[in-house]
Every structure is written in structure tokens, then in C-alpha cells.
Amino acid sequence: MANKLLGHITAINGNMIEVAFEESVVQNEVGYVLVGEERLKSEVIKIADNTAYLQVYEITKGLKVGDEVEFTGELLSVTLGPGILSQVYDGLQNPLPALAEKYGFFLPRGVVLDAVDDTKKWHFTPTAKKGDTVYKGSPVGWVPEGIFQHKIMVPFDLEGEYTVASVAKEGDYDLRETVAVILDAKGEEIKVRMSFEWPVKIPIKAYTRKMVPTEPMVTKVRIVDTFFPVCKGGTYCIPGPFGAGKTVLQQLTSRYADVDIVILAACGERAGEVVETLREFPELEDPRTKKSLMERTVIICNTSSMPVAAREASVYTATTLGEYYRQMGLDVLILADSTSRWAQAMRELSGRLEEIPGEEAFPAYLESRIAEFYERSGYVELPDGSFGSMTIGGTVSPAGGNFEEPVTQATLKVVGAFHGLSRARSDARKFPAIDPLESWTKYKGIIDPAKVLKAHHILQRGNEVHQMMMVVGEEGTSIDDFVYYLKSEYLDSVYLQQNGFDPVDAVSDPERQKYMFDKIYDVLYTDFHFDAKDDARRFFNDLRQMTLDWNYIRMGTDEFDKKEKDIDRHIGSITA
Amino acid sequence: MKKVYNKILSIVGNVISVRARGVSNEELAEVKTKRGTSLAKVIKISNDLVSLQVFAGSRGISTDDEVRFLGRAMKVSFSDAMLGRIFNGSGEPMDKGPALSENLIEIGGPSVNPSKRIIPKRMIRTNIPMIDVFNSLVVSQKLPIFSISGEPYNELLARIALQAEVDMIILGGIGLKFDEYMYFRDELEKGGALSRSIFFMHTAADPVVEGLMVPDLCLSVAEQFALKGKDVLVLLTDMTNFADSMKEIAITMEQVPSNRGYPGDLYSQLASRYEKAVDFEGAGSLTILAVTTMPGDDVTHPVPDNTGYITEGQFYLRNGRIEPFGSLSRLKQQVNKDTREDHRAIMDGMIQLYAQYMETEEKRSMGFRMSTWDKKLLKYGALFEKQMMDLSVNISLEDALDQGWKILAECFESDEAGFRTELIRKFWPAGKDKEEKAKEEPSDDPTEEDISEEPVPETEAGEPAEKVKKKKGRTADKKKRRKA
Ligand SMILES: Nc1ncnc2c1ncn2[C@@H]1O[C@H](COP(=O)(O)OP(=O)(O)O)[C@@H](O)[C@H]1O
Ligand SMILES: [Mg+2]
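Respectively, the protein sequence lines represent chains V and U. Under the numbering used here, the first residue of the first sequence carries the number 48, and numbering increases by one thereafter. Under the numbering used here, the first residue of the second sequence carries the number 62, and numbering increases by one thereafter.
Everything labelled a hint here was simulated from the structure, so no lab data went into it. Mixed in with the good hints, there may be bad ones.
Straight-line Cα separation of at most 27 Å, DSS-like style, residue types lysine-lysine; simulated pairs [said to hold, decoys possible]: (1) V/Lys580 x U/Lys424; (2) V/Lys93 x U/Lys105; (3) U/Lys447 x U/Lys436; (4) U/Lys93 x V/Lys108; (5) U/Lys95 x V/Lys108; (6) U/Lys238 x U/Lys102; (7) U/Lys93 x V/Lys111; (8) V/Lys108 x U/Lys447; (9) V/Lys149 x U/Lys289; (10) V/Lys108 x U/Lys436; (11) V/Lys108 x U/Lys105; (12) U/Lys238 x V/Lys111; (13) U/Lys251 x V/Lys111; (14) V/Lys149 x U/Lys136; (15) U/Lys436 x V/Lys111; (16) U/Lys436 x U/Lys398; (17) V/Lys108 x U/Lys238; (18) V/Lys252 x V/Lys238; (19) U/Lys68 x V/Lys111; (20) V/Lys108 x U/Lys136; (21) V/Lys252 x V/Lys233; (22) U/Lys289 x U/Lys238; (23) V/Lys149 x U/Lys291; (24) U/Lys105 x U/Lys157; (25) V/Lys501 x V/Lys489.
Just chain U, with the same shape it has in the complex (with noise of 0.2 Å):
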């Protein structure tokens, strides 16, 4: 049984009022406009009064114009035929092929019980030394990509999908720009990855409230496949601008903000999205990569901040690189102990010289003398950053190991970089272990960092942090420290 309405009483932002009875807290309803055609969902009822957010705006409606509840909540088609198909924010075609009805899906399920849950133990291999090496990606994550604008990170994220092992692609486009819904639509079909991909777009060009429904439509269909035991990797950009739509529903809902204009359950509602990945006991598995811009390159910023108290772990997309600092993978000790025995050596080694390097540098740009220390390190930073941070840099997780021993004996002696003699042993590239020299080397190892050299940490966390954070940290506790 539809209802029709057609008294319009309030359009306020993107949400419309009308008197119903007999409507559903979630309803879907279509709202009929001159333009065309709109969905709405049904976000507050009080009494007989039904507020609902429009999902194509609410630019052009009349108050007039006929608002018909659907008696369901949002659903969307789950079958084979998705494949290869492009749909908009509201899950209608916007490829050539035919609508699909068929095995509809409520979007927005149940969460899974906790108790169901497996610890994660697949290591996702991108052939990105700055993943796979030093924080590798898990089957199940769900890790965000922080970034600002201009960054590659669309790139990146094509670049992971097409070198990823997983059976399919949900790509989520959030506020997407055209020429790139383009470029992922070229890239994927490049890498042959086309017929095993599945698009909901929303483009810049869309209402913003269309985008809302993006993530759910993504996830809801990913977790069917994931239950049928297909390993999806869902990829969401960005999300910054789902999260901007929250905000201006909640704004036009008049609801008091908490930080930034953003609603007080925006931490809620990034967490029931991004804890629907999720690794199904003898099934499929559902892996979340997602953009996350970060305005004004601040990661206090809420949403970057919620989404990094939600996450497990983040990447930090800077220069063009991703950032050895700050990045986290809260995972990769799940797996790295089982992939080669260098491996969590390679990882905490060169990344506590990456360190002293960047240390150096400034102390190097401050004008400070350099010893045969410092020079070594400088050597070490470019190549590393050459070698290993350039996001070009295509290699096997194997081959990275083996590159990261090569760099290190190009710049150090055997027993002067910090590992453990039997890897040394065994890695340090022929030719290049120390000779016996009569003369000592003087000994500049710098006190700041740590290196332990004995039994490598089981598991490790975020690395030091960039040079400018670390100094704005510094000042702040200074501050703190004196008013208390």
C-alpha cells in the first residue's frame, strides 16, 4: 500500500516535512518534482509530522509536488550482474545496462557479532614497499588514507585495487570529480579489473545529500559477497565529504553541533560504516580503503581525528609519498612475523635511521657541523626516500627486503646500522660486509632514538612523527607544563 501526499509543508536545506500517518522511522519515499524524480529518506516523525532528507536536494520542489512513501526502508539489488555496472548515489543505473530489482537487500544491516569475529591474519601484498614493507595491509582492515587535496591519492587507491589479490572492487565515489570517476574507470579497465568491479558514484555534480547513501550502498553489497566467499576490497573516496553531508543535514535539522559544526554522533556514524569490515569465518572477507582529505592539512581536524580513533591505523599521503612517519598499520604485526625473517628488522631499522636522517637534515639546515655520521645519514635519507618512498617504486615485498639491505650497505658499515649479527649474516649484501680495519670508526650513533638491537619487538607502532608535528607537540606540552 502506497501513500501519496502532496502538501509540502516545510523546505528547509535538503529536508522536507509533510503530515502522514502510518510512516516508518527510515521510510523511503520518492519525491516527485518537475525535474524528475528524488528519493527521500524519512530521518524524524513527530506525531503526524514526517521529516525527510531528499537525496536529490531540494532545489525545485514545489510545495505541491507529490511525496509517495514506499512502505520500505532503502534497498538495493544484490546479484553476479552487478558486475562491471556503474550506479549512481541512490543505486539507479548510470551505466547503458538495464535497472536491476532482483534480490533486494536492505542497506545498512545488523553489525556482526563480535563474538563471530576472527583475528585478521592475511597479509594483502601491494607491491608498495611503503605498505607491504612497513605497514602491511590486512585482509579486513579498514584504513584510511589521510590527505589533502592534490595529493595522488586516487592514484593510490587505483594503484592498490589493481595490485591487490582480491576477487572484487566496490568502488564508492563520494563528491568524486568527473575526470576522476574517469580515470578510475580507465584504470581499472586497463588492468583488466573492470568485470569484477562495481561503481557507486556520486560526482561533485550531484546533490550533496545524494552521497550519503554511498558508503551503505557500497558496504551492504560487499558484505553479500563477502558472505557468498568473495574477498572484496570496498574503496571509499572521499569520505570527508560524506561526513561535510552529515553536517549539513544536521545543521538544517537544527541539532547542536559538537565540534566544528559536525553532529555529535559523527564518530557513530563513520564507525557503523567502517566496522563492516570484517573477516567471515569460513567466507569472504570485506577490506576498507578509504580517502580521507584532511582540511587544512590538520589531522585534529574531526573528521580525520574520529575517523583515526575508528581505523586500524592510517596512511599519511604527503609529497607524493606515503609518509613512514605517522603512518600505521595497527595490523601488520598480525602478519609480518610469517613473511621473511628480516622482515619486522627491516621495518623498525630503517625507519629509526629514516629518523636520525630527518634529524640530521635539520641540524644540517640549522647549520650545524656535520660529522662522518651525519654524512652517512644524509646518504641513507636520499636513497631511501628515492628507493623506497617513491610511490614509482614497484617491487615484491621479497625484492623490497633485499633492496632495503642494499641501500643500507651502500651507506654503513655491517655493524653500525643497529641490526642483529645473525641478520647480518645472512642479508648483508657479499662484498660489502666490513672488512677488519685496524682504525675504529668514531662512534656518532646519536642518543635520541632507540635502537635495541636485541629481540626485535614483537610488534611496533607509529613512527616518529614528522618534524614540524613533533615540535608543534613539543611546545604545546612546554605550555601545558608551565600553567600547571
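If we strip away everything but chain V, and leave its shape as in the complex, we get (with noise of 0.2 Å):
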């Protein structure tokens, strides 16, 4: 570019800046403010009167009236090729780990660094040849990427039908070589090369359908995979107040969960629990490839200090890098903690605008910004014939725990399921917290749905003589009603609940909760007849112990079986 189109500053507030400017400017566009050798990145998110408004992703400090802003007329993008797997960027794709590199403990202002190495050779094997016929997101060969064959494809901005006219031999490629040239319809030649832009604000959508997600997203958590399951290219959120346990409820789901990627956004709360991640994933090992947990997942780092308006980007690009992946066929999963975080930095920028505020001063397209995220999941079949699927789940942090608020309202609204947490069960330290009578579903799981239900019914059940007894006390409960609260209590003990520290207990896999809800599930509906109600409570109670201490042995050992031989004559003890 060479006439770059220039602006200058004529107000500032907060990271919020107003800009003047001669000629045009693009909605959404971005745009540098150049102050000494930093160049701030902004975006456009408003343009009234021959002034643009911009949100700056850094801090503003020390900016003047008059200093100047150069437009580049591209929207905000992210760079997608070989060599994103294993990263830590924040929120607009700067690798942190090559900035502390170079810059050491703190984040310097106003510095871009390449999010792909594009100088380092990958191994190229092409799939297409001269003459096939290709669409966007049509791969015309692959790299190996750790564990993945990462698909080089059509670029997804290319509309239309083209004709391959070469392809690079099998051999070592950079990011800034071709690798393969196409004819459009008019003949004219357009080159591909391993890395390409996209706008992280634009869903990409090179696939030839969207279908309705029907294969559960396994995540070895018993109660949502039993309870409350998640389908493959579906969306969730996990609401609740703080220390609830949405943190450690998502980096369990980002460590056992089957799927092949995992995207995790850290968008705008606690640094220190990126660093948890950060530092052991690379040791931990996935147990499906048996390579490190590190080669299949991303980490967007936008936290709570680090700048507020890239923080709001930060979503996008997560989804983004998803979307690219899911291109390839491969099952993607994004974890977004908090979007109640990306929400505010929404408020915050729409109140500099002066915007007529919403409710709890979010702005009125709270619900629609909300919607167009969830959106971006889903499961799709690819111009290649196979499927590829992005599930997004994000934490909410609603003020005071209180779910009656905007961003938990909106997101309920869009999501296939919900998993609410709930401080009662958190305080009680039975964890995960998810409240099994406030959440729901709408997929369908592993397990047979109509003894879900009937197991679930004996929950309910089990709540209610609760809620009595604590007005009539044990004395004035009967003893039936009494035995559905010990079963009640049973289900939620073994079941609902689970030592996410465990090694074992930890990682229940499909196999393994079947077996094991069936065995509880008769339980629940075996009549019992005890004579006293302190008998029933020492038979559960030893019920329990027993079943807990199953739940701790690996499954197919001597000692499962030892163990579960041990509460099938504890059972039969009071049935026979």
C-alpha cells in the first residue's frame, strides 16, 4: 500500500478514541495510532460526521489530540495456517511466549509479532491435481501438524467454482510459497500458499451443509454425559457465582474430552489459572494419542489486566482458528471463561459511545452479539464429503450469582444445554456443582434417555421429602419417603458428584458410566423394605462408602470386580 490513508485524533476516552479523517474509511476496518515507534492497533466501530470511532487495543495512555492514525483498510484478521496447534496468543493473535522472549516479564505496548513462523518448511504432500475442480476450503494437499494432517485448502474469501492449474510437488514449503495456482472462470491465475488471512469477525462458513448436532461430545464428566449432554458442534454454557467451579469444570472438559482440538479462550479473568494450564499441559499426555495434551490445543490468553477491547476480539478469534480447524474435519471444542467478561467489555466500550444503555447498562445488541457467537458452533459436512464440528461452551459470571441478568438471560436464550452451578452444591463441596434440578439438555446422550428420566425423577422426589423434613423433621417423614431421600442422596453422592483430582475417578469413560448407572439405576428402583429408618440410613450409608470406593478402582481389574461382588451382596442382603 502505498498512499496510506491517514487521520488524526480529535478526542480520546478511556480506549476509545475519535478520528478525523479526509477521504474514506471502513466500517470495522483497522487502524494503527502511530505514537513514536508504537503502533496501537484500533478498530473502527462507528462513523458519524466525517469522524471515525476507534477502539484501541492497548492502553491509551499518553495519546494527544492531533497524533495521527493510519487506516490499512483491512477488517481485523487473524492468520490461519500451519503452526497455530500448541499456541499461546493473546487476544489478537500475538504469541505470548515469543513476546516474553523478546520482551521479558511485562507485555510491551504497540508491538506485532508473526502468530505463524511463516519461514519454517513444512512437509507438503498434495491431494489435488491439475484439472480437478475446487471450491473454497477444497484441500489441495496437507502438512503434518503434531498429530494432525493440517489440510491446505482453497481460500475461504474465493467464491465460485475453479480449476486446479498446478500443484506443488511432495517436498519442504514455506508459508510464503505457493503450492498450488487455480483458474477462476475467466482463466485468471490465483496462487495458494500455506497461510492466508481471515476476519475474525466473519463466521467462516466454507462448508456445503449445517446439520443438527446428534453425537455426544464425551466429556467422562458423569453428570453431563448421563444428565446433561452436549452434542458434537452443539453449545453450552456453565453459569454460577464465584468459586462455584466453572474454572476447573472447563479445564477437566479441556483435558479428557473427546474431540480432536481444544480452543481455550481465557477471556478476561485470572492469569494465574492460564498458567496452570500453560505450565502442565505440556507435561500431561492425551490418552487418545498418547502425545502431549499441549499438540492439541490452543490457548487465547486475553486476562483480566491485559486490555480490555482485545479482550472483546479475543472470542472472535478463538472461534476463528476453530472454524479453521473444523474446515479440515476434525472435531473442535472452545472454551470460552468468561463470556460474562467479553460481555462487559462490550458495556464499557458501548457506554463510550454513549449508547442508550440496556439493561444493567449492556447495550440493546447484547442478545444479538450473544446469538452470532453461539452461532459459529455447529456440525457441518465439508466440500470433501467428510464432517468437521465446532461446540462451543462458555462459562458465565453473572453479578451477585444471580442468573435473572442480561448476559445469563441471552445466553439461555441461543444454547443447546445448560449447566448451572450452584453456590449451595459448591459450598457443600459437592462437585461439580451443576445443580441437577435447575439444568437441562436439549441432546441426547449416551445413556438410554427414559431411565435418565426415571432416574432423575427420583431426585426430584428425593429434594422434595428433603424440603419437608426440614420443616416436620425425620420423625414426621414416612418411612418410604425417607428411602427415596437416601436414594436421591445415593445417585448424587456415587454419581452426580465426582472427584475431578482423581486420577480414576476423574475420567469416567461411555463404557464405564453405563455400567455403572445401570448398577445404580437398579438400586433406585429396587423396592427396599427396612424396619426403621436408622437401618435404611446404615445400609445406604455403607452403600455409599462401598460405591465410592468402585468408583476410585480402574475399571476391567480384579478389584473392580472384588469391589462390585462386594455391594452386590450388600444389595442382595436386604432383598433376598
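Hints in hand, dock the two standalone chains.
Right, here's the structure in full:
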């Protein structure tokens, strides 16, 4: 770009600046504020009266009226290509470890490093050949990226049909080299490289159709997979007050979920929590691939003290990277913690733009933004006939822990499953603290829905009895009711609750869940006859203790079978 | 080049505006009035109209007073000469010592690159059992004390400061009462810690906005010392006053409030301070303990609520004690596995029994019959409160663990307290071990709480809520369910 369009600052208000411009400006294009050596990335978010309003992705300390702004004409974009996996990026795809190497402890302002190393050689294997018809998203070859075949695809902004003119031979290429040439309808040549840019706020839709999610995404968390399952390509949210276990639940899911790629968007929360993932994942083994977990992970890290506008961008960055890998026929999971911080970033900006505020000062478009975000999930069929999925799970941090607030409510309208964490459960250390009576799902899981419903019925019944007991005491409760209560407590403590920090109990794969569920289901629907409440209590206490022990034993071992026999014998002692 | 203006266009709340050119965002200015000179900070610029927040407040400012822009953002001097000194909310000396001007550093600097952070692993011992045993404090932690006014939170801060093995203490007072300030000074002096302390004091008598800079002053100086290898403990009291000052400015600037008048960026503002807590690999560290008073004893009030979402746990101070329920150190699991093998078991077991005691206590007050087990719990509850929870208890972690076993043995048989057999063999006080009894005790184990003996979870969390809140939660839950 020889002739850069320039403007100059006329006003500064927090992270928003007003810029007077001469020629033209594109809504949502990127501009750079030039202060000395620094180039502060910004985005046009409103244009009025020859003034462009830009949100600055950095702190605005020291900016002056009159400072120059350079407009790029490009929308806020990320780089797509091999080398993204196992990276740790900030919200704008700046690689944090590389920044640390160069600048030390602190995050410098106004520096941009390459998101992927474009001089690194990748071993390319062609799959398309001369004369093939291709569309956006069609693979022309692949390179190995860790454990995956990273498909090199026709860029997603190329509409219509193209013909392959040539494909590079198998060999090592870097990201700047051309690996294929394709021709458009007019015979015009287009060079395909291994990487290209894509604007983060525009969904990648290089698929042939979107389908209803039906295949369960196994998380190995029992209460989720059995009672409130999520399907590949679906959406779910985890609202809960602070300390209820949102982050730990997402961390567990990021480790054990049965997907190909996990993208963690640490959005406006504690840096310390990301550090745990960052330091531990490289050491942890992915049980599916036996490789380091980091190889399937990308971390987008824009924690609470990092610039707020970049926080707003970070969830889009995460989804765009997710969509990219979905295009390769992979199952991707996006975990955003917390979407409330993203919503707050929108609120801050909206306030500075002096827009008419909605409830709790959130902008009127909050709902549509949240809906658009979750809409980017999906199970899709790709041009080459394969399937890919992107599942989105977001935590919500409601003010005061009260779900009747705009972000939670807007989210509940669009997601497919709701895992509501309750303060009462986390206070009683019943983890994961998903409230079994409030949560819901629209997806079908790994266990017969009719049975799940009946098990859930026991929980409801048990809860009713419990409420009643608090008023009339145990003395005033019938023994039948009391047994209902004990059964629901039993189901809760041995199945719904799960020790996320025990190597065996934390990871309950479908086979084990089905096996255990059947056993417990039998207990729930067995007619026990007790003479006294104390007998019943003692029976269930012992049964619970045995089942808990069982939870900690690896399935398929002698010990496991032995414990099971003990349990059966114990049950038999009453029913016989 | 300093620019001077003497036409103030508006004075609203503590914000003034002038027409000026070449001024930069967040630049500092001096406002000279008949009463003296105050610092002011640029908070908004629109063409040549510049809004400034005046730290000494706007009272007595005349429209023709002089505004002089300093051409720089707020800075503070950083050197060893600061040790033992007392400064005000603008960083000027409050003691008789000289003003410091060498080695100026900018306050509120950039944040630490998350990829440079390390997993915290050093415990800070305080000799307070409710902290050391149940919610261990860890180097680089950021932790508030949630409290209502009237509670001895400043006493608690002073005590932790004196007992913690840190190199330096930086105390930031925001809206502190004069006698509280004197109290801190005397305590640190008595404890011989004054010479390794620095005070930034904004008292209740000072203009409200002047308190706004205190956290940044403290944290910027602390950060520098930490980079130089010092383990620094920063005490901030009271952060609710800080939030209230921000609220005042926001309202003056006619910002749309988000919740009870607080600005929409309250979370980000608080987070940018608390996130300064860090353990620098190969250098020192910065730990933050802050008092957050809860208006109306309401933890859902925006200030404690936003704080809880930011910090790594919280201590609830109520009735002069650190509450076992609700209090949480999110970092404790990083350190309590390497202390003593019974640490986690005592931590979980004693709290679970205490929760049972609370339930029994409720039953008792409602007139329900007390079983043998209930009576044991009542005895246990009383001992636990007296010998563990009371803030006057001042013993090492190891002694506190021993104390725990002693209390347990005084109240229960060794096999009914819910501990693993190997631990009982090793730690249950001699002579108190359960004798071979022919007759079995009636089992009154309540089913409410989980006493899983095996294996102790690697980590654990928020303890059972205190009764009142629990009930509230339940009724709220019920209501919602009915609606659904
Ligand atoms: N599944 C779990 N198992 C055991 N402890 C948990 C679990 N989930 C949460 N906790 C405890 O609760 C604390 C807070 O959890 P966290 O996920 O950080 O809460 P949130 O993100 O909702 O604020 C953790 O530090 C941990 O002690
Ligand atoms: Mg969290």
C-alpha cells in the first residue's frame, strides 16, 4: 500500500478515540495510532460526521489530540495456517511466549509479532491434481502438524468454482511459497499458499451444509454425559457464582473431552489459571494419542488486566481458529471463560460511545452478539464429503450469582444445554456443582433417555422429601419417603459428584458410565423394605461408601470385580 | 515545556475542565489554589477540551486558578530510601523526611505476560490456624478479607503482616481513619517491622479522590522491589473506599452506571490492580491482602462480588473470627500437599465435622432431640471455635494440626470421626485410641455430609455455607424452580 490513508485524533476517552479523516473509512477496519515507535492497533466501530470512532486494543495513556492514525482498509484478521496448534496467543493472535522471549516479564505496548513462523518449512503432500474442480475450503494437499494432517485449503473468500492449474510436488515449503495455482472462471490465476488471513468477526462458512448435532461429545464427566449431555457441534453454557467451579470444570473438560482440538479462550479472568494449563499441558499425556495434551490445544489468553478491547476480540479470534480446523474435518471444542467478561467489554465500549443503554447498562445488541457467537458452532459437511464440528461452551459469571441478569438470560436463549452451578452445592463441596434440578439439555447422550428421566425423577422426589423434612423433621417423615430421600442422596454422592482430582474417578468413559449407571439404576428402582429409618440409613451409608471406593478403582481389574461383588452382596442382604 | 492555563471552564464534582492543546491522555497537572497545590489527572480529551480529576478535590477551586500541565503521567520515586517512610495519596511525604525525587517510575505500568508466570508454590505461614491449616496463604496470592465495619480486619492485617515471613510490607490506606493509621504504625513499630515497611496513607479526612492513586502507588513500588528480588506483601485497606471513589468520578463524568451506581469497568479496574500479584521467576514476589468491607454485609454487593471474581479466594471475617465456610484460598492445594501428611485430612475432616455441628446446633435451637452423636458434635463445635477459630490462637501449622487431633480425640472415638486408618494409627493421641468395646456405638452418622475416607481429594473448595446463606439459597432455588 503506497498511499496510506491517514487521520488524526480529535478526542480520547478511555480506550476509545475519535479520529478525523479526509477520504474514506471502512466500518470495522483496522487503524494504527502512531506514537513514536509504537503502533497501537485499533478498530473502527462507528463512523459519523466525518469522524471515525475507534476502539484501541492497547492502553491509551499518553495519546494526544492530533496524533496520527493510519487506516489499513483491512478488517481485524487472524493468520490461518500450520503452526497454530499448541500456541499461546493474546486476544489479537500475538504469540505470548515469543513476546516474553523478546521483551521479558511485561507485555509491551504496540508490538505485533508473527502469529505463525512463515519461514518454517512444512512437508507438503499434494492431494489435488491438475484439472480438478475446487471450491473455497477444498484441500489441495496437507502437511503434518503434530498429530494431525493439516489440510492446505483454497482460501475461504474465493467464491465459485475454480480449476486446479498446478500443484506443488511433495516436498518442504514455507508459508510464503505457492503450493498450488488455481484458475477462476475467466482463467485468471490465483496462487494458493499455506497460510492466509481471515477477518475474525466473519464466520467461516466453507462447508456444504450445517447439520443438527446428534453425536455426543463425551466429556467423561458423569453428570454431563449422562444427565446433561452436549453434542458435537452444539453449544452449552456454565453460569455460576465465583468459586462454584466454572473454571475447574472447563479445565477438566479441556483435558478429557473426546474431541480432536481444544481452543481455550481465557477471556478476562485470572492469569494464574491459564498458567496452570500452560505449564501442565505440555507434561500431560493425551490418553487418545499418547502425545502431549498441548499438541491438540490452542490457548487464547486475554486475562483481566490485559487491554479490554482485545478481550472483546479474543472470543472471535478463538472461534475463527476453531472454524479453520473444523474445515479440516476435525472435531473442535471452544471453551470460553468467561463470556461475561466479553460482554462487559462490549458494555464498556458502548458506554463510551454513549449508546442508549439496556438492562444493567449492557448495550441493546448484547443478545444478538451472544447469539451470533454461539451460532458459529455447528456440525458441518465439508466440500470433500467429510464432516467437522465445532462445539462451544462458555462460562457465565453473573453479578451476585443471580441468573436473572442479561448475559445469563441472553445465553440461555441460544444454547443447547445449560449447566447451572449452584452456590449451595459448591459450598457443600459437591463437585462438579452442576445443579441437577435446574440444569437442562436439548441433546441426547450416551444413556437411554427413558432411564435418565426416571433417575432424574428420583432426584426430584428426594429433594421434595428433603424440603419437607426440614420442616417436620425426620420423625414426621414416612419411611417410604425417607428411602426416596436416601436413594436420591445415594445417586447424588456416588454418581453426580465426581472427584476431578483423582486420576481414576475424574475420567469416566462411556463404557464405565453405562456400566455404573445400570448398577445404580437398579438400586434406585429396587423396592427395599426397612423396619426402621436407622436401618435404611445404615444400609445406604455402607452402600455409598462401597460405591465411592468402587469409583476409585480402575475398571477391568480384579479389584474392580471384587468391589462389585461386595456391593451386590450388600444389596442382596436386604432384598433376599 | 510546561503549559499553564488559568481559565477553568467547569467544576463538577471533583472534575474540572480547561481548554488546552498538546495535552496527553492521563497526563498529570498541578492545580494551584489559595489552599495550596493539588495534583490532577487528565481523564478525557475532546478536541481542546480537557477534563481533569483533581486529587485534592474541587472545594475552593476558583475558575481563574492556575492549571499547569506537567508533561508526564503520574510517577513515584523508587529507592531503598523509601523504607520506613510514610507518604500520602499523592506520594508526598507525610512524615518529617525529605521528599524523594530520584529514580522516578511510572505508576500503573503494563501487565505481566501470562506466559512468564509460574505456578505458585511457596506457602506464607501466619500462625493463624484458620489460615495455615484450612486456607493456606501462598506467595503471589491476591486475597481479600470480606468483612463488615466494626470487625477487627485491620488487626488481622497487622498481625499477618508481622508474622508473615516476607522481606517488605507496603501498606496502602484508602479512607483509613486516623486512629487506624496510628494503630498500624504502632503495631509495626512494636513488631520491629517499621524499617522494612512503606506507608501510602490516604485517610478519611483527605479528599476522597486522593485515595484513587494509593493502590497504584503501592503496587508499582512493590513491583519494583519484587523485580529486585524482594518478597513484598502489599496490604490495602479498604478497597471498597477505592471503588467508591471511582464511582464518584464516574457519576461526575455522567457515565452510565452498570450496577448500583458503579461504573461498567469496575471489574477491569479492580482486576488491573489485583493482577499485579505475581511471583517473578528468578526474582521476588508480590502478594496482596486487601480489606473489602461489604456494605450491608451483602456479598452480592458489586464491590465484594466483582472482587471475588478476581481474587484467588477470600477470607470472611465475622464475629471476630475467620469463618470456615465461604472462606477459600484457591491456591492452597498448591502448597498443602507438602506440609505434613495429615494436613489435608485435618483440613477436610474438621470442617466437615464442624458443618455437622452447625446443623446439629440448628436442630438443637429448634428443639429437636439430641442423640449421643449430636452431643459429641456440640462438644466438638465449642472446642473447635475456642481452640482453632479464635483469632487469639497463635501457633504454628504443626502445632495446630496436633491440636486438631487432640480436639478430635477429646470428642470422638477414633473410628467415628471419618479419618483414614493409617492416619489414625499415626496421629490419634495415645491412650485415646478406641478401646476394644463389646458394645457398638449407635451409628448416628448424618447422611447430609459426605465423609469420604478414601482418598482425600487432591484439592477442595468452598466450605459449606454458613446457615443463613444456605437457607436463602434454598428458598431462592425453590422460587426459581416454581417459575420454571
Ligand atoms: N470439580 C471439583 N473438584 C474439587 N474441587 C473443585 C472442583 N471444582 C471447583 N473446586 C474448588 O473450587 C474452587 C473454585 O473453583 P473455580 O473453578 O476456580 O471457580 P469459578 O471459576 O466458578 O470461580 C477451586 O479452587 C477448587 O478448590
Ligand atoms: Mg473461574
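Hint check:
1. V/Lys580 x U/Lys424: holds, 18 Å
2. V/Lys93 x U/Lys105: holds, 19 Å
3. U/Lys447 x U/Lys436: holds, 17 Å
4. U/Lys93 x V/Lys108: holds, 24 Å
5. U/Lys95 x V/Lys108: Roughly 30 Å between the alpha carbons, so the hint for lysine 95 of chain U and lysine 108 of chain V is violated.
6. U/Lys238 x U/Lys102: holds, 25 Å
7. U/Lys93 x V/Lys111: holds, 24 Å
8. V/Lys108 x U/Lys447: violated, 52 Å
9. V/Lys149 x U/Lys289: Holds - the C-alpha atoms of lysine 289 of chain U and lysine 149 of chain V are around 20 Å apart, at most 27 Å.
10. V/Lys108 x U/Lys436: violated, 64 Å
11. V/Lys108 x U/Lys105: holds, 11 Å
12. U/Lys238 x V/Lys111: violated, 39 Å
13. U/Lys251 x V/Lys111: violated, 49 Å
14. V/Lys149 x U/Lys136: With Cα atoms ~26 Å apart, lysine 149 of chain V and lysine 136 of chain U stay inside 27 Å; holds.
15. U/Lys436 x V/Lys111: violated, 72 Å
16. U/Lys436 x U/Lys398: Between lysine 436 of chain U and lysine 398 of chain U the Cα gap is close to 33 Å, so the pair fails against 27 Å, i.e. violated.
17. V/Lys108 x U/Lys238: Answer violated: lysine 108 of chain V to lysine 238 of chain U is near 33 Å, above 27 Å.
18. V/Lys252 x V/Lys238: holds, 21 Å
19. U/Lys68 x V/Lys111: holds, 21 Å
20. V/Lys108 x U/Lys136: holds, 13 Å
21. V/Lys252 x V/Lys233: holds, 24 Å
22. U/Lys289 x U/Lys238: violated, 33 Å
23. V/Lys149 x U/Lys291: Between lysine 149 of chain V and lysine 291 of chain U the Cα gap is close to 24 Å, so the pair holds against 27 Å.
24. U/Lys105 x U/Lys157: Not OK: lysine 105 of chain U and lysine 157 of chain U at ~36 Å, beyond 27 Å, violated.
25. V/Lys501 x V/Lys489: holds, 17 Å
Checked against the numbered hints given earlier, the structure breaks hints 5, 8, 10, 12, 13, 15, 16, 17, 22 and 24 and satisfies all the rest.
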